[in-house]
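Heads up: the sequence lines are chains F and H, in that order. The opening residue of the first sequence carries number 219 in our numbering; numbering runs sequentially from there. The opening residue of the second sequence carries number 23 in our numbering; numbering runs sequentially from there.
Bear in mind the hints are in silico, worked out from the structure with no lab data behind them. It should be emphasised that the depicted structure is a prediction, and the values quoted were computed from it without experimental measurement. Do not take every clue at face value.
[To be verified] Derived contacts from chain F toward chain H, CB cut-off under 8 Å, selection only: (1) 266; (2) 268; (3) 300; (4) 305; (5) 315; (6) 328; (7) 377; (8) 378; (9) 380.
Ideal Cβ placement from N, Cα and C applies to all residues, glycine included.
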Amino acid sequence: MITIRNLSKRYGDHQVLDGVSLAISKGETVALLGPSGSGKTTLLRCINGLERFDEGEIEVDGIVISPALSSSERQRRVREIRIRCGFVFQQFHLFPHRSTLSNLTLAPIHVKRTDADVAREEGLALLEHVGLAHKADVRPNKLSGGEQQRVAIARALAMCPAYLLYDEPTSSLDQSRAREIWSIMQRLATEGQTQIVVTHQEELTRAIACRVVRMSHGKIGGGTEANPAV
Amino acid sequence: MNGPTFQERKRPWWPAILLLSCVALMAHTASTSPGAAPSSLDQSSFWQLLQGWAPIFLKGTWVTIQLSVLSMAVASTLGIVLALCRVYGGGTASGLALTYIEFMRGTPLLVQLYFIYYGLPQLGEALRPFFDQLGVPGLSRIFTLSSMTAGVAGVGLNYAAYEAEIYRAGIMAIPRSQSEAAAALGLTRFQTIRLVVLPQAFRLVIPPVTNDFVALFKDTSIVSVVALQELTDSFRKASTSTNRHMEFAIVTALIYFLLAYPLSRLARRLEKRIHPHHDHDTQPL
Ligand SMILES: Nc1ncnc2c1ncn2[C@@H]1O[C@H](COP(=O)(O)OP(=O)(O)OP(=O)(O)O)[C@@H](O)[C@H]1O
Ligand SMILES: [Mg+2]
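Please take these sequences and the hints and turn them into a complete structure.
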């Protein structure tokens, strides 16, 4: 369960997040929509500690972060949250000096202390899952954008995160590549993976989201709507 | 294997020409020898002379190699530490590192060497009463360094400042998004630096660091001023006692060149080979 309470953030006197409250329960897939600059990315980055905020608090499975925390305590809790929340970036951000497979095994080996052979096996299974087992030994720069994003999703999944956060995962991909990603997300949704997806693409929300949350000017606007399609 | 292929396998021709002309010049002076050097102590042919001096040159070369390798190790290690302090250290550590770098780059290596070799013992002497009071009179002796130690310290500490700036540039060139991606996976700050940032930064800095190593190698010649019997010292002894300055200068230059040139070539090769094709391992580098 992720609970966001009264979150506010300013850049100078620009109010980017303005008293955002939102709850996401296990198994849900939530789409976060809104015009450019409405604060979607900022909100998502706040959840896993990539961004700080000025007021309010975020609770992930009982771990609470708030602006009041000491920096060492914040660091500790943020790390706990990050282990629970996978993050998928618009621009993939794979590690270019590592093969596809070792992009996947890095965090399990070093964060979860998974045995290297086990991590490799699980990594290969995940690559299989996203249709890229044959690219295990290839460098990310040899992959297409769609393939890179699939690897990025697999990299996040390798940590078995309770929540997956996506920031416009298909905005830099063409339609058919985007659809491949969507079908992966759809499958994850039916498998019960909790997902929060920031997107501009209504089509994506129709395809997978159980719930649509709209943001504007740093606020959650107009309540949330259940997706009739799901 | 899908490594990049390189067309520029051709060896450049000019080193060979240079080498040949040097040898020809020496052969020429050796054959037309004596008259050119009226005050020469030894009128025998240069080749015979050279044979006599060979052991000293060999030893000098070996000392120069040792000095260079040790100095490079000191410079690289300290350089990385300084760079990490500069980038990640926050106010104090970063400020201290910057002060060190600016000071080392802003003062001549020669003066630094003099200070380490001749100045430090005097400092130790001046502090002797203090150490006596502490009950450890022997402490003043550790300020007196051997020529080799002083040389390694001088060159290593000096070059560390330059390496630090190179490493820093390398680290800064890795996009912030890489660190964010690592952090988002739950890696600690230290793991992020070690497993994601540094391996990428190292790759970037290999060419400039190698160039610096070649420069360092040649700069070890300065260490002859603190009585280290390295290559330049061998040269000075040989040339002053035989008055064959030109020939010995050429020989010495050739030895330096023959050692430095493969180093820069090797570096270029390493730069290409350092891109391994597979690394599912967990090794940081
Ligand atoms: N580092 C920053 N410094 C100053 N302002 C920032 C910074 N990052 C974001 N902003 C501002 O915060 C606001 C919200 O940005 P955010 O990236 O969250 O919007 P978004 O909803 O994700 O937009 P988009 O759909 O274009 O990605 C924008 O007005 C942006 O200009
Ligand atoms: Mg955005």
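Here's how the hints hold up against the structure:
1. 266: Holds - the Cβ of residue 266 of chain F comes within 8 Å of chain H, reaching about 6 Å at its closest.
2. 268: With a closest approach of 6 Å, the residue 268 of chain F hint holds.
3. 300: Where the cut-off is 8 Å and the nearest Cβ of chain H is about 5 Å from residue 300 of chain F, the hint holds.
4. 305: Nearest chain H Cβ about 4 Å off; hint holds.
5. 315: Where the cut-off is 8 Å and the nearest Cβ of chain H is about 5 Å from residue 315 of chain F, the hint holds.
6. 328: 5 Å, holds
7. 377: Holds, about 6 Å.
8. 378: Since the shortest Cβ distance to chain H is 11 Å, the answer is violated.
9. 380: 12 Å, violated
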